[in-house]
Every structure is written in structure tokens, then in C-alpha cells.
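Here is what each chain is made of, one letter per residue.
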Amino acid sequence: MAKRVLVVEDEPEIRDVLEDYLRKETYDAAGAGTVEAALAEIEQRPPDLVLLDIGLPDGSGFDVLRKTNELRRIPTIVLTTRSEEVDRIVGLELGADDYIAKPFSPREVIARIRALFRRLDAVAATAELPGAVHRVRDLEINEAAHEVRVQGKVIEVRPAEFRILALLARHAGQVLSRPQMLDLLHDDGSIFERTLDRHINHLRHKIEPNPETPTYLVTVYGVGYKLDPGT
Amino acid sequence: MDDRRAAMKKARHDLGNLLTIAQASVEGMLDGVAPVTEARLKRLREVLAQAGELVDDAMSQSSE
Numbered sequence: 510m511a512k513r514v515l516v517v518e519d520e521p522e523i524r525d526v527l528e529d530y531l532r533k534e535t536y537d538a539a540g541a542g543t544v545e546a547a548l549a550e551i552e553q554r555p556p557d558l559v560l561l562d563i564g565l566p567d568g569s570g571f572d573v574l575r576k577t578n579e580l581r582r583i584p585t586i587v588l589t590t591r592s593e594e595v596d597r598i599v600g601l602e603l604g605a606d607d608y609i610a611k612p613f614s615p616r617e618v619i620a621r622i623r624a625l626f627r628r629l630d631a632v633a634a635t636a637e638l639p640g641a642v643h644r645v646r647d648l649e650i651n652e653a654a655h656e657v658r659v660q661g662k663v664i665e666v667r668p669a670e671f672r673i674l675a676l677l678a679r680h681a682g683q684v685l686s687r688p689q690m691l692d693l694l695h696d697d698g699s700i701f702e703r704t705l706d707r708h709i710n711h712l713r714h715k716i717e718p719n720p721e722t723p724t725y726l727v728t729v730y731g732v733g734y735k736l737d738p739g740t
Numbered sequence: 033m034d035d036r037r038a039a040m041k042k043a044r045h046d047l048g049n050l051l052t053i054a055q056a057s058v059e060g061m062l063d064g065v066a067p068v069t070e071a072r073l074k075r076l077r078e079v080l081a082q083a084g085e086l087v088d089d090a091m092s093q094s095s096e
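In order, the protein sequence lines correspond to chains L and B.
To convert, note that position 175 of the first sequence is 684 in my numbering; the numbers rise steadily by one, no gaps.
To convert, note that position 6 of the second sequence is 38 in my numbering; the numbers rise steadily by one, no gaps.
What the hints contain is simulated information worked out from the structure, not anything from laboratory work.
All residues carry an ideal CB built from backbone N, CA and C; glycine is no exception.
Zero decoy hints are in this set.
Derived BS3-like pairs: lysine-lysine, alpha-carbon spacing no greater than 30 Å straight-line:
hint : chain 1 : residue 1 : chain 2 : residue 2
1    : B       : K41       : B       : K74
2    : B       : K41       : L       : K576
3    : L       : K735      : L       : K715
4    : B       : K74       : B       : K42
5    : B       : K42       : L       : K576
6    : B       : K74       : L       : K533
7    : L       : K512      : L       : K735
8    : L       : K662      : L       : K735
Residues from chain L that face chain B, not an exhaustive set, calculated with beta carbons under 8 Å:
hint : residue
9    : E520
10   : E522
11   : I523
12   : V526
13   : D529
14   : K533
15   : G564
16   : K611
17   : P612
18   : S614
19   : P615
20   : R616
Excised from the complex, chain B in its bound form (with noise of 0.2 Å):
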């Protein structure tokens, strides 16, 4: 129980982290602080994968 605690603090602190890198990738770009580029949105779509996969695994664990 303790280690599925542990795991979940982990995940919702992972996913509050990549979801800040989305937003403020997002924000820098549409604030001119950071330039448009294709390597900015490659990242941007993989950080976003990255959090759906850890959605996905929070829920089915919590389904169990």
C-alpha cells in the first residue's frame, strides 16, 4: 500500500512537471520568448505522450 502510495505521489509529481514543460513551451512560443521551431513541437508532442501514458497507467492501476 505504502509503495502504490509512493508510486502515485511519483506520477502526479512527473505529470505536474511535463505538464509545466507543455504549458510553458506553449506559452514561451506564443509570447515570442521562445522562437516557433519543428524541434520545439517534436518535444512538445513527446512530452504530451509522456503524461497521456502516465494518465493511462494511473487509471488502470487504480481500477485493479
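Chain L on its own, in the form it takes in the complex (with noise of 0.2 Å):
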């Protein structure tokens, strides 16, 4: 079946030429210009992905962001004006998975719209496994053999920092904000936001040829921590 994507922009002219492209690239696609309209769409028929803009008639798109992370996540790009780098990291901090700066090519759009399916899916695929083994370069963590290697050889890991890495492998590439880690470990109290910075201290002492400079554990000033896929 399609994938279902919501165009959310005021602009009708940019939300129909984005719309047209989505629907040539054969994915189903929807519009809204206000964030009443939205969060209406998004309640009757639950998109797979959401474009969303910021300044919005009624309100902001973070609005939108806010209130549908309460009932579920639903991946999210944010299209934001280069004015607003501030947004993009609200945005980021608020669960969005990409933004797109405008002035933007709509072909581009539509590629980062592709990866982030892809990525998506391969989480997904690896969820489901689990014992999934996740691989990084040199890098590997068994999660059923609850194992950390670099380049083969067994790293000793302390069980927090253990769930941390795990929890970055599973999301390589993409960005987490320290509350969004916090939650996603289901933490029982064991890792606290101030703890965190150390745990990954620990680990990039472990795992990185140059703790200094990291390469895998990077972090994303202002927003959070990613385990980078590198090349």
C-alpha cells in the first residue's frame, strides 16, 4: 500500500507543486494549511509522515508536532526558514526526525522523504528482531549476547552504558535529545539526564580510536547525542 504523506504548509502554490510530486513518486498524499486542519486530518486518517511548516495562519506547526506526539509518534520534517535556526532545534528537541531549510528543491524534499523511509524501516526490521545485532564501521553491539566489539575484539561495557549505545545503534543516524534517550530506555532511575553525559563519556573512552574526537558517538550541539553511520 501507498505511504501516506501530510503536506502542511499555508502556501497553497508550495503545498500543491510538493503534493503533485508526491503523487508522481506514487505516494499518497494529503494537504492541510492550518494547524486546525492538521491535527483534523491527522485524527481521521493517520499519515505515515508529516512535511510540516512552522509559521502557520493559526498557530505554529510545533503546535501540531506537540500535540500529536501525545497520542503517537508520527515521523516528522520540518520545513523551516533559515531565519529560524532556532526552530529547528525546538523542532528536533519536540521529536522531529529532519528539517528541510527553504528556499527548497522539491526534489530534495522528496529524497529526504525517501531516506527517511528507508531508515524507518530498517529500524523497524530490527526491532523486530530481538536479538538484533547492529553493525557500525568497526563497530558491533549483540544485543542478545548483550556484547560490545570494536574491530572484532570484546569491549567491557557497564549495563547502562550498554543500553544507552544500544539504544543509539538502533537509531543510527539520527539525532536523540537526552529527554527523548531518557524516555525511550524506559529508565528505571538508573540514568539521569547528568548521568548521560558521562555514561557516553565512558563509552567513547571504550569505542572511539580518538575519545577527543569523537566519530561515533557525536554529539549535536544543543540538540543531543546520534551514533553517526558514518560511510
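Hints given; two lone chains; assemble the complex.
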């Protein structure tokens, strides 16, 4: 079945072109020009992905993000003008998966949508396998065996460190904010926001070729952490 | 000062939208997603003229 993409954008001309491109790529496209219309559309026919403009006539696109996140997470790409730098960070904090700066090329938007779907499909596939093994360049995380290897050599990590690393590996390439990580870890209280940074630091000393300039566990300033899949 | 900052923010936002419309429209025509019509080209000219006006306004304000 075709994946459904909702375009939330108040400029009809931008919305129409994006919808045309989506349909050409055989996605099922829908459009909304206001916060209210977007929420109604999401409730009636939940999309697989939302393209979300921030400046809407009856509020901010973030309102849409906040309200839908209360129910369930829908993959979201935020559309923003370059002047709204802060908005990108807020968007990522709120759980947006990616952002695209205006003016953008519709072809780039399509490419990003495809990439996000690919990433989500990969995550869904590994989530279904309880004993998933994640491989990121020289790093291997075996969830069933509770084992971390660098270049095939087993590395000793603490339980909390393992949980953090496995979480980032499941979302490789995706930035996770600190609150988001704690949330996803279903934390029992053993990992706190401030100890998270320390765990990451310990992990870096164990897995990074050079812990001072990490290439695996990358800090995205003002947002959070990601495990960089590299090339 | 806050008024001016708000005005600048709005101008940047509007400019971003106008340029997105222009880019999306041209690309759509090039990619064969939307047919090339006189109406589309006229609209494109209008959008670019509006973007030009916004830039002119911003320049004259910042030089005041």
C-alpha cells in the first residue's frame, strides 16, 4: 500500500507542487493549510509521515507536533526558513526527524522523505528481531549476547552504557535528545540526564579511536547525541 | 527595535516562501511534474518581482 504523506503548509502554491511531486513518486498525498486542518487530518487518516511548515496562520507547526506526539509519534520533517535556526533545535527536541531549510528544492524534499522511510523501515526491521546485531563501521553491538565489539575485539561496558549504546544503534544516524533518550530507555531511575553525558564519555573512551574527537558517538550541539553511521 | 526585528523576521519568512514557490515552480516544470504554461510563467515573474521588492525594502531599512 502506498505510504501516506501529509503536507502541512499554508502557501497553497508550495503545498500543491509538493503534493504533485509526492503523487508522481506514487505516494498517497494529502494537504493541510492550518494547525486545525492538520490535526483533523491526522486524527481521521493518520499519515505515515508529516511535512510540517512552522509558520501557520492559526499557530505554530510545533503545536501540531506537540499534540500528535501525545497520541503517537508520526515521523516528521520540519520545513523552516534559514532565519529560524532556533526552530530547528526546538523541532528536533520535540521529536522531528529532520528539517529542510527554505527555499528548498522539491526534489530534495522527496529524497529526504525516501531516506527517512528507508531509515524507519530499517529500524522497524531490527526492532522485530529481539537479538539484533547492529554494525556500524568497526563497531558491533550484539543485543542478544549483550556484547560490544570493536574490530572484532570484545569491549567491557557497564549495563547502563550498553543500554545507551544499543539505543543509539537502533536509531543510528538519528539525533536523540537527552529527554528523548531517557524516555526511550524506559528508565528505571538509574540513568539521569546529567549522568547520561558521563556514560557517553566513558563509552567514547572505550570505543572511539580518539575519544577527544568522536566519530561514532557524536554530539549535536544544543540537541543531543547520535551514533554516526558514517560511510 | 523589537518592531523592527519582528518586521525583519517576517520579511525573511516571506522571502523564503516566495523563493520556495519560484524554485518549486521552475523545478516542477523542468521535471515534467507541472506543464509549462503562460499562466505559470506570469505567476513566476510576479513572485520574483515581489521577492525583489522585499529585498529592496530590507536594504533601504538597514541603511537608514
